[in-house]
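**Q** One-letter residues, chain by chain:
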Amino acid sequence: MTLASIFFGFGANHAKNLRWQVVYSLNFFICAIAAALYLAMIFKQGFTYIDGRPAYLTRYLTWTFSTPLTIILLSYLGRTSILIAASMVGADVYMIVAGFVATISTKPISNIWYIISCGAYLGLAYLLLRRYRQQAERQYPRSKKVFYRLLTVHLGIWTAYPIVWILASTGFNVIDSTTGSACYTILDIAAKVGFGFLALNSLKQLEQAEG
Amino acid sequence: MTLASIFFGFGANHAKNLRWQVVYSLNFFICAIAAALYLAMIFKQGFTYIDGRPAYLTRYLTWTFSTPLTIILLSYLGRTSILIAASMVGADVYMIVAGFVATISTKPISNIWYIISCGAYLGLAYLLLRRYRQQAERQYPRSKKVFYRLLTVHLGIWTAYPIVWILASTGFNVIDSTTGSACYTILDIAAKVGFGFLALNSLKQLEQAEG
Amino acid sequence: MTLASIFFGFGANHAKNLRWQVVYSLNFFICAIAAALYLAMIFKQGFTYIDGRPAYLTRYLTWTFSTPLTIILLSYLGRTSILIAASMVGADVYMIVAGFVATISTKPISNIWYIISCGAYLGLAYLLLRRYRQQAERQYPRSKKVFYRLLTVHLGIWTAYPIVWILASTGFNVIDSTTGSACYTILDIAAKVGFGFLALNSLKQLEQAEG
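Protein sequences, first through last, are from chains A, B and C.
With the numbering used here applied, the first sequence covers 17 to 227.
With the numbering used here applied, the second sequence covers 17 to 227.
With the numbering used here applied, the third sequence covers 17 to 227.
Treat the hints as calculated values from the structure; they're not laboratory data.
These figures come from a predicted structure and were not determined experimentally.
Each hint should be verified, as a subset may be incorrect.
Identical copies carry no separate label here, and so any pair may be met within one copy or between two of them.
[As the list claims (entries may be wrong)] Dumping the calculated DSSO-like pairs for lysine-lysine here, alpha-carbon to alpha-carbon at most 30 Å:
{"#": "1", "residue 1": "K123", "residue 2": "K220"}
{"#": "2", "residue 1": "K32", "residue 2": "K220"}
{"#": "3", "residue 1": "K220", "residue 2": "K160"}
{"#": "4", "residue 1": "K161", "residue 2": "K220"}
{"#": "5", "residue 1": "K160", "residue 2": "K123"}
Put together the whole structure using the sequences plus the hints.
**A** Below, the structure is given as structure tokens:
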């Protein structure tokens, strides 16, 4: 994470034009926020015990800041209208906050908040697959494949989070706490570092296709 | 609340133009945030006991997000300048935070924070009645009555909140905790669902008047 | 603080044009937020004991809101691009949050967070001295001296904060808790009231120089 944020930070400072600078800068902050989270976890900070299971509250706090930046990154690439971008950020924050409340609630109330959080995610996915895609394809008629790939990877990674949540100790307790944490870590690297490089690659392809 | 947010959500998705879409979307998020609050209250979550009286901290947290959206809704309808809109949001957040501090403080310190919160509200009311109205009437010279009604209803409902606060267990303890909660609930429905429909109606009248 | 915010508030209301109104309004909110902090401190609210030393958590909360407004004030005066202004706000918030985590952590972990916070500050200083200055000098070619003075005063005051932190009970414990608090108070007055007047003076000089 730290290495990736240094890479993106350098990229932002030497970017050849404003669009590259924006994409690098957003990636830099996304990774820098995540790096702070993992540092806190190494120091065993920012969690509390609820019902005997450790609840990483800091995780949700950093997600509240980093996931809207990912949405802004997508919106910037797709030249999304402010209304749709703001609605996606709203749905995203709603999803994270409901997920946070689910984590600090006891069962069975936690399951209801989990469903609400998933509902917000479905709303976000709807906005991405319909409104976002529509607008992006109108802006870049020759680059439908680029956005198809971006959205597939994005939704693929993000859909894995609620699956881990419901399988881990927060849900049905099928996988233990350590495995759950490891899954989140892998997903975070994919969603932040991996997706960051995909965003850079997409911008390159958009520039080539649209000249 | 949930029903209203579903209605506004559908409206946003089928709105005939961008302006309707914005108004529907803002109403949707305002009601969706409030719906989450009432769900938390049904589950008896998000409050703590201070001086033996229950303090609904979540109420203030959701107000911090929903009331600025109401201000943005008003500003969008009145085509308010960014500076005035941002100042109104600033005064609004200041008012909510001071009210929150008043709620978690013990008496008599709580009364001083209450006065500060009321001061912020007076600042907001001043901005609405002078700057906001001036700008709105310049933008829509033929619709003075629409804004007169909007502001009367808005200020009427919002002024009732501090009155309930000072009469309830947080203030002079004239009305009991349950009645206080019921008052807030009625006010929230008026300020969110009722005001949402008024905003839709106002937009319709503005479109008719200005052609 | 309260007097200064009243002064700036009056100024905003009677400003001769939009630019003065913006600068006055930003100063008003910066001072109003700080005034609330000092009121809370007079009431002995908003702090907790960590390792036997008082930690003023509210200080960091108010800084999270007031320092971005200072950055926005600087950006407005220098007509900074949105990307650079947003990056500076991002670095600023990162710095405050890392400083907050440093304050609530036990040693030696607190020192690592302190270094991270300083790193964010160096990033912010770099953006100010290179990007911000470049853009400001391009916008106002005849007013290099105004921005030189603004940045010198700004960075001079802000650099004193981490020095107080590391000397106070949060760091090497060279100065006692009361002296540390007094230092912060003097710095806050300089950074908010003093810098506010400097910003007004700079705007005047910019208007005179550029006609």
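**Q** How do K123 and K220 come out at 30 Å by Cα distance, when the copy is not named: within, between, both, or neither?
**A** neither (47 Å within a copy, 46 Å between copies)
**Q** Up to 30 Å between alpha-carbons, please classify K161 paired with K220: within, between, both or neither.
**A** within (13 Å within a copy, 40 Å between copies)
**Q** How would you classify K160 and K123 at a CA-CA limit of 30 Å: within, between, both, or neither?
**A** So K160 and K123 fail the 30 Å test inside a copy (43 Å) and across (53 Å) alike.
**Q** Could you figure out if K220 and K160 sit no more than 30 Å apart (CA to CA) within one copy, between two copies, both or neither?
**A** within (14 Å within a copy, 37 Å between copies)
**Q** Checking K32 and K220: alpha-carbon separation at most 30 Å within a copy, between copies, both or neither?
**A** Answer is within; shortest intra-copy Cα gap is 12 Å, inter-copy 36 Å.
In the structure shown, a violation is registered for the earlier hints numbered 1, 5, in ascending order.
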